Amino acid sequence: MKKSKLLSALKRALITEESSIKVYSQHITEIAPRSGLSDEQISQLTRVMSDLRAESVHHKEIVTALINKIKEDPRDDI
Amino acid sequence: MSMRRKIRWLQLLPLVAINVALIYFVSRTVLLFLQDYHWYEYVVAVLLLLAESFLLLHGCGYMLSIIRATGQANPIDLDQKPKSFPPLAVVVASYKEPLNVLEETLACFNALSYPNKYLYLLDDTRYADHPDDEALQRYKKQVEELCECMEVNLFRHKWHDAKAGLINDFLLHQAVNPREGSVLKIFQRAPPLGGEKYIAIFDADQNPMPGFAEPIIAHMEMEYRLAFIQTPQYYTNISTNTVAHAAGLQQAIFYEFICEGKGAHDAMMCCGTNVVFRNDALLDIGGFEEHSVTEDFATSLRLHLNEWSSRYFPRVCAFGLGPEDLSGYFKQQYRWALGSVGVFKEIAHNFSEYARYLPVTHWVEYFLAGTYYFIGFVYLIMGACPILYLLLGVPSYFAKPEIYFLTFIPYFFLTMITFYVTLGRRNYRIRDILLGQILTVNSAPVYVRAVIDALLNRKKPFEVTPKGQSNSIPLSRLKLYLFCGALNLAAMIWGLLQMYFSPERAQPILVNVLWATYHFVIINFIFYFNNPIKVKKS
Numbered sequence: 001m002k003k004s005k006l007l008s009a010l011k012r013a014l015i016t017e018e019s020s021i022k023v024y025s026q027h028i029t030e031i032a033p034r035s036g037l038s039d040e041q042i043s044q045l046t047r048v049m050s051d052l053r054a055e056s057v058h059h060k061e062i063v064t065a066l067i068n069k070i071k072e073d074p075r076d077d078i
Numbered sequence: 001m002s003m004r005r006k007i008r009w010l011q012l013l014p015l016v017a018i019n020v021a022l023i024y025f026v027s028r029t030v031l032l033f034l035q036d037y038h039w040y041e042y043v044v045a046v047l048l049l050l051a052e053s054f055l056l057l058h059g060c061g062y063m064l065s066i067i068r069a070t071g072q073a074n075p076i077d078l079d080q081k082p083k084s085f086p087p088l089a090v091v092v093a094s095y096k097e098p099l100n101v102l103e104e105t106l107a108c109f110n111a112l113s114y115p116n117k118y119l120y121l122l123d124d125t126r127y128a129d130h131p132d133d134e135a136l137q138r139y140k141k142q143v144e145e146l147c148e149c150m151e152v153n154l155f156r157h158k159w160h161d162a163k164a165g166l167i168n169d170f171l172l173h174q175a176v177n178p179r180e181g182s183v184l185k186i187f188q189r190a191p192p193l194g195g196e197k198y199i200a201i202f203d204a205d206q207n208p209m210p211g212f213a214e215p216i217i218a219h220m221e222m223e224y225r226l227a228f229i230q231t232p233q234y235y236t237n238i239s240t241n242t243v244a245h246a247a248g249l250q251q252a253i254f255y256e257f258i259c260e261g262k263g264a265h266d267a268m269m270c271c272g273t274n275v276v277f278r279n280d281a282l283l284d285i286g287g288f289e290e291h292s293v294t295e296d297f298a299t300s301l302r303l304h305l306n307e308w309s310s311r312y313f314p315r316v317c318a319f320g321l322g323p324e325d326l327s328g329y330f331k332q333q334y335r336w337a338l339g340s341v342g343v344f345k346e347i348a349h350n351f352s353e354y355a356r357y358l359p360v361t362h363w364v365e366y367f368l369a370g371t372y373y374f375i376g377f378v379y380l381i382m383g384a385c386p387i388l389y390l391l392l393g394v395p396s397y398f399a400k401p402e403i404y405f406l407t408f409i410p411y412f413f414l415t416m417i418t419f420y421v422t423l424g425r426r427n428y429r430i431r432d433i434l435l436g437q438i439l440t441v442n443s444a445p446v447y448v449r450a451v452i453d454a455l456l457n458r459k460k461p462f463e464v465t466p467k468g469q470s471n472s473i474p475l476s477r478l479k480l481y482l483f484c485g486a487l488n489l490a491a492m493i494w495g496l497l498q499m500y501f502s503p504e505r506a507q508p509i510l511v512n513v514l515w516a517t518y519h520f521v522i523i524n525f526i527f528y529f530n531n532p533i534k535v536k537k538s
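First to last, the sequence lines map onto chains H and G.
Heads up: the first sequence at position 64 corresponds to 64 in this note's numbering, and the numbers run straight through without jumps.
Heads up: the second sequence at position 252 corresponds to 252 in this note's numbering, and the numbers run straight through without jumps.
Excised from the complex, chain G in its bound form (with noise of 0.2 Å):
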């Protein structure tokens, strides 16, 4: 088959599983208003109408970035060659991050062959904050000798307002005009009078291949409102850690055709690392936004407010480590859900007052990335159904199981098929995506937490992913996924002896012992996931 074909065939895919889906959305929602009901159910029903609208919506914005990113004109060349080399800032921001994490890194930004690098550690470590603590003071200095071995200048600063505090001093700094309490140690070289042209920014666990730099300085060079190119995380660490792999494979699903298809029309986010931003750009809008625990999504909002555009460079040049447990995995995902949905108020803000200042396509992809986290309210709705209906017989869903079946079998296997055969496509297997959207479900319960404090203003202390450390949850902090695979299960055990005692009603009670099991194993992913070292196979 022509590779032509091939591209033709895989935006036909997802255009057919976007009006199957809307096909069955539309069914779904007359066959709602059609039956008689008491309002508890109704009040169930509209819910679960809304976690399916939900699940919908976000789908058809996924297949539409396949859509796109399989037919851009003119796909970034990832092999373009620098016709110059401007300098450029190489900067890891670290909290307390340990020793070995970052003198692999350091020893990476060595590596780089950029030829014009400013190679620095920024140390957002609070020692100021804790005098007394010896080991914290050693801490200090041990930095400070690494620094010195591995030729690599040192930035500190008084600490405010985590990651975007640090870099906004060291763009402060370099561009002359440094804030109180700010300190460069010099151990690598100088930096150029009035600071370097861009910036590359890494957490501290992620190691930049030795050609990062130059396809990515040659775009920026190219276009001169470009603001920052974002390029992929990879984590390495799968073939070992069963959290690592499964939130490995998360990410890949976003930055794969997500990330392609808003890079495609200029709306592509910051990640926070493995970016590139043209400093001008930063100081144009005053720096990196302070007041949010994910700075790298308001900025990008604030960027392109301002008319400075973004792009995506789909090529993994860097490699990282994941979450290597439970507790680290969902720390992060509860800093990334409560980030996002501050961003979502401030998006929604934005677009109130300066709708006109963006495209249409760009607020969509704004509005859509600000609502993820929304997600864990669906997994939530969706699992509660069944239950309701099998213990306490509320009807969540008013239609035939044969219309159920007749809409929602080819909209359910069409959207699955696309989803897999598109990433089956960028050489993902099944059984890994699966894994990913599992966890991604069994983090339902950090998701809503997160979301409501975010809704709520509540601040909670910047908390960073614990790196180099795999412990178990203990048991009695996972009393509410037992809880729920309990009532899974009673659910499931009472569904059948229903079906039983009760032939007539058999077709819909199995429905939703199906829907039972189904969210009863998932649950129970969790314990697999408890245990996040694999054994390496030889």
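Same shape as in the complex, but just chain H (with noise of 0.2 Å):
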């Protein structure tokens, strides 16, 4: 696989991780209290946040390492 492919592969997985957890996020601050979500489901809610929140970080992390492995690797074709 050509080495700029794969990375830019790399760096849309991110983004599309990151986009994802904004589009959540939004949603679950604009909850309004009193409408329709028990208190169990919106702590529910923001549990499956915080997970996804740490996932994308630690994904982040391991991606981020990937891709400086990669970009050191002098081959074009990986």
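Rather than coming from a laboratory, the hints here were simulated on the basis of the structure.
Misleading hints may appear alongside valid ones.
Claimed, not checked - Quick list of in silico lysine-lysine cross-link-like pairs, DSS-like style, CA-CA up to 25 Å: (1) G:LYS158 x H:LYS11; (2) H:LYS2 x G:LYS185; (3) G:LYS141 x H:LYS5; (4) G:LYS96 x G:LYS83; (5) G:LYS158 x H:LYS5; (6) G:LYS185 x H:LYS3.
Keep in mind it's a predicted model, so treat the numbers as computed, not measured.
Now that you have both chains on their own, put them together as the hints suggest.
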């Protein structure tokens, strides 16, 4: 696979994950009080959000390290 | 109070409300036929009685839904884990949707934790009709770039029959029997041979949460004849937008007890988005009904008639945006009303031919759903009666005020209390529910127009609900509301003058003045909704 293609795919994956977290957190912060969701549901959603954020940080570390390694690789095809 | 006792109490309250409503209705009907009246008074009185009967019928339907929803012996397990992960197509149907709205939805598709997912954007935009429109051709390219960037497959077809035509062509394509003009561009991964087993359908502005699919697929896998599972729609732009706020609360009323009640006896109808279908079920009935603007509702009927079942999954697992101004909201409501009444005609036709194919409870649910939008006429009649009495002296309610108060007040308050208490137990505030109801009443002219168009088979071009814009309707387009408001105001003033000069008729006049005032206040809320952006509290 071409190095540039691989790098852009990895960067894209990171961006997509960040976008989804942004969308979810926007929705969850917009949930108006007393509008159908119970406290239990809201806390469950908040838990899902914090898990996603933690996962995303973890993914970002891994993917960034991978990107750096690929960049250091002198080959054009990996 | 124990949970069991609370549930019994929630079942008892609607049961009492139904009985009180029936007492009111019987006494009201008997009193009407005991009075002397002119023929034109009789016409108005019968229209009012019919309007009230409609409300009573739908009210009883709602109360029965509460009883069924709270008394379910085996409610659906919301945390069911799947034993296997059959292929699932996750699709968003798009017609000229803004790219930022699509991008958010596609990002959420990518975040779905279901391991065996195939992601698709079904683009229904009619590029071929406007080959010289540069902006549209640019948009076409941007959609492709977005799909490539988000790693989502892109499906396009030769346009026909709106969303239903699009999804049907997609299903045919997946079943390796593509219609001419259908094209699939692979940006994620190629579909499995013969297509996916299930299809999750979303509107462009509906964003599923990561764990959306697993419990639903688990239930679908357990029941072979289960055609689809519907999940709720939940708007989150309600704290900043008055229209979305009220529309969201209207939705909530539907997605709480009404849907739970339907789901409890296998009569849930598809609502077009946030729903998972079994592909075999759709292929069995020849796909989505293409000649209805509410293809989801029409398709549900066909599935049930073909002995497929359906469920409701009462957990919010996708978030979306409600219509952001009155113009968008009215377009949405017009489309729903037009489609529902169109399907109502089919329901009546099917009932006459295949009544024994479905249980009575299913037919009742379909008739209630199919007739709901006739409510526009109900509001029209109820709004006109106090004005006719106060301004023209035409009575429509033939009962002594004492009898009116004795039967109507318990009926009115008990049904209202049941309504608000049961929704209150589901975390809704009275103020919010009221706003939802007021918006419904103010949609009456739209419903009336849609019902007439549907009954006369008038075809209207499909219009999507606009997103990302909040514009006020010019006052000139609200003339009807201004006129009705002015009529009610005139009736109130004239009524008060009559009370002063004819104190012997004070009681019936007072009742009508109160109703005119009530209608005047409700009509004036149109100006509140016509200023859709709310300042967000810090």
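Check: Broken hints, numbered, in rising order?
Finding: As far as the earlier hints go, 1, 4 and 5 are violated by this structure, in ascending order.
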